[in-house]
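2 protein chains.
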Amino acid sequence: MQDLEFTVEDGKLYILQTRNGKRTGFAAVRIATDMVDEKLITKEEAIRRIPADSLSHLLAPIFDRDSVRKANKIATGLAAGPGAATGRLVFNAKDAVELAHRGERVILTRIETSPEDLRGMIAAEGILTARGGVSSHAALVARQMGKVCVCGASALKIDYETQTLSTGELTLKQGDYISIDGTAGEVYAGELKTAASEVVQVLVEKRLDPKKSRIYQEFASLMSWTDKARKLEVRANADLPNQVATAVAFGATGVGLCRTEHMFFEGDRIDAMREMILAQTLDDRRAAVSKLLPYQRGDFVGIFRELKGLPGTIRLLDPPLHEFLPNTEAQQRDLAKKLNVPFERIARRVEQLHEFNPMLGHRGCRLGVSFPEVTEMQARAIFEAAAEVQKSGVKVKPEVMIPLVGFSKELKLQLDIVHRVAKEVAKEQNVKFNYLVGTMLEIPRGALVADELAKNAAFFSFGTNDLTQTTLGMSRDDSGSFLPQYQELEIVRNNPFATIDQQGVGKLMEIACDYAHKTRPDIELGICGEHGGDPESVKFCHRIGLDYVSCSPFRIPVAKLAAAQAALTVR
Amino acid sequence: MQDLEFTVEDGKLYILQTRNGKRTGFAAVRIATDMVDEKLITKEEAIRRIPADSLSHLLAPIFDRDSVRKANKIATGLAAGPGAATGRLVFNAKDAVELAHRGERVILTRIETSPEDLRGMIAAEGILTARGGVSSHAALVARQMGKVCVCGASALKIDYETQTLSTGELTLKQGDYISIDGTAGEVYAGELKTAASEVVQVLVEKRLDPKKSRIYQEFASLMSWTDKARKLEVRANADLPNQVATAVAFGATGVGLCRTEHMFFEGDRIDAMREMILAQTLDDRRAAVSKLLPYQRGDFVGIFRELKGLPGTIRLLDPPLHEFLPNTEAQQRDLAKKLNVPFERIARRVEQLHEFNPMLGHRGCRLGVSFPEVTEMQARAIFEAAAEVQKSGVKVKPEVMIPLVGFSKELKLQLDIVHRVAKEVAKEQNVKFNYLVGTMLEIPRGALVADELAKNAAFFSFGTNDLTQTTLGMSRDDSGSFLPQYQELEIVRNNPFATIDQQGVGKLMEIACDYAHKTRPDIELGICGEHGGDPESVKFCHRIGLDYVSCSPFRIPVAKLAAAQAALTVR
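The listed protein sequences derive, respectively, from chains B and F. Once you know that position 418 of the first sequence is 418 in the working numbering, the rest is easy, because the numbers rise by one and skip nothing. Plus 571 on top of the position in the second sequence (first one is 1) and you've got the working numbering.
Heads up, some of the hints might be wrong.
Claimed, not checked - Partial chain F-side listing against chain B, Cβ under 10 angstroms, derived: (1) Q588; (2) G592; (3) Q923; (4) E926; (5) M1045.
Rather than coming from a laboratory, the hints here were simulated on the basis of the structure. Remember, it's a predicted structure, so these values are computed and weren't measured experimentally. Glycine included, every Cβ here is placed at the ideal spot set by N, Cα and C.
Isolated chain B, as found in the complex (with noise of 0.2 angstroms):
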């Protein structure tokens, strides 16, 4: 579609410039199906001229037109989860839980967001905070469970104690009606409507028949040819069942990263795990441990039949044990009388806990190292779940992940424990099941010695994330103080933690690729950062020969076109 300007002059018609037309993501996939009907364009020009990104649209649910158009605009902020949502105005995960069992919808309003809030954000329809950039933690959860998602709208005041929010002009309270536009990156008082987009009626809701909705058909016909160009599989970032069900309807190819701490903040599980934290034995801590087994297994079980024989990657617990525990005296003294142990005891651990840069400190693997019971529960629960969905007739393929792996006798270590588990796992239950151990590349010195931990890693998959915050020396969360003005100077031509950082990641990635074929010719190569997502990203893995790409499930038409755009183009 172009875009022409031409003028008369004295009767005589002159082209002045044309150039490609903006088009919505809607206009591009139905041009370019259009074109290819009516045998105008091969399909592989039509994958080329749909910009990837812009199928993001297709998938947003929207707000109704009439709507928008009477609706109170009361500040804008960064769009980082497309699409429209509105609910009832809610200020902390509690509430948002509770709300939402009531069969309300509400909007996750927050300063920022933490781990914390991940019940909250699970139940909310969308997502809005004041603080944070399109890499902040709200705006990565969202984009991981398709929910809408508007932060950084720093015009708002929000006001915990008194549970409101203002603008100066008008203030909300808790209760009320709130919309945001996360496509658009705005934010109005009051309700308006909105609704799935047809994708996911069809594939996710499974409320609209394919036939009847004419946009499905034309991206369904864009995905079965971007399936037959691309050489990258694409798998998804998904925690939990219903995650991984919806990356399969958007035919992921896999599960590329499964966060195992995600499943500890659930219902009554943080409780378990902040057992095992502040236990003083070792037999206090299996005890503990030994609480969130069937948990874990329970929801590896429900992964691996929606996978139903497609590979999923399962990272070992990775954040810092202090994520775990409360922060305020109020939340210990709580959390003191419901597992019945001494304040001071809570408060100690949460001192001695504390870290200066968390980023770097206790995490990863080395919290496997300090804990090799957590390992063997997790690997417990993972192969237990394998051993009774094989039983079942449906296939399974774990791929066992640690996490920050630097040193090659840290992975041996852990590896030990894994392997024997399995062999222990599958004597009892006398069931075979196939798996890969490996490890996650996202510190440089991974990167460095990968091809020392070749020797025993069977696959490795780049935390593009981390890799990026350790090389560059950067902290995500800290980097909103400088890094705008560094793309404004032109120091970074993008966002690092959004399109890879090629010069500096990248070759560092190159050097681990290289590495890691020298000793093992035929091990897997992944990435799966939030890069994952990210076309051009995308294109760069292509190109360094990865053998697929992970990200939200959301992201996967995206990551697929993208991929194939690279086999087409790249070479």
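Knowing the structure of chain B, use the given hints to seat chain F on it.
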């Protein structure tokens, strides 16, 4: 010197085994120099026979033996700064400075130290902490200053409120005498007799006639032999003129790292620095910055005079700004009164500057990019000082070092300022001086784009402290919770913050040297992390072809001996 084990059986002598005898640094030096005098071994062989680390014994102050025998040992900790010190117990920098002004010797005793304690550390004879490892802030600064230090003496309960230190049995209060042995890691109640080592009395205190000290003469001979043998230059990390004087007395061939921010903590300077940080307009910031100029210039004049033509590498402002602001509300209220600004502004600025991972935050050249006026002021102070000293007939060789560079445009922006100011000052003062501008390689990306950076940088200095933290994804301050176990399990062979991790960090250094030489064959390469004083690391630096190492003044003899050993054995 050999340890022999023998037995006599049935009148027959059996030699059972023999091995190198354990000996102090004093004995090692005496044996080796005696054997050279007796023509039993060559000078080269003498160099090889002395464990480099043991030279530090010759520089450390010592406790009188009788005193120790009668003393009451109350705790043990880590031997973090060799030597013996005795003095009055103080719990904060202010009291340390005050008591020292009154002519008292003091032992600064803290749970742990931070840059705010610096003045107190300078004033103290020794530093004692209850927390922190051999690479904690206290230990690093103590070694650089040649101060006695025991850290991590965890049996000590330090109470800032009551100004007491207790062990359960015994409680000492502020002003009581305490003694620490940083060679053995021991803490004694009461006053013990000490003396500076003879080498220090000759070289630094200049109150002992060299001819009257046999150990000094042996030391001097050994040093002259190492100077002939070594290929590496050995520079010093020194921030103030008197530290530079000490370094030159120990034979430093220049300054490899002058941390300009340490100058900001002296006297009233911190107030101007704080004004700069709190400024709300560019003009206010410029005004505050200009107050710092004369202080900085004065320090640099002193440094260049002491250097007498030797090169001096000066690093521009590096730490995050929040390190300069007070943390507690009381301190913030005091500052508000002093600077006549509203308390809320200070509190808000502190909150604004708070970072989740300060190590990976807004620091290094990122500050210079955000606040070019600071870079400009610092460059002006350096070059005005250079002009002044050069005019007085003493040659100067400033090397301006841009910290934390990862991107070539980032370096370029800072370089442009420095070169422009150099030209301006040369013109204003009508004097020519030589200078270099280069960068510190301390994040992996910097090393990976060294070929790009070398287009503009005249030298690289590896900041191996931070490079280790980022390459290993491991915070020095937080690693205490798992690193000891990592050493026990042999995941790491040495503490990577004490000895360069050759396989990881070292590989990155090799890559960077290789890239740098391709772009600029004559580039000057050095290292200025704490590793510069570690013998094994010095040998590694020799092997990869660096031009110099830089370490604390009191480690210079150790580094020189290690450099000579490397040149004699490594090929």
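Legend entry - Violated hints - listed by number, lowest first: Those not satisfied are hints 1 and 2.
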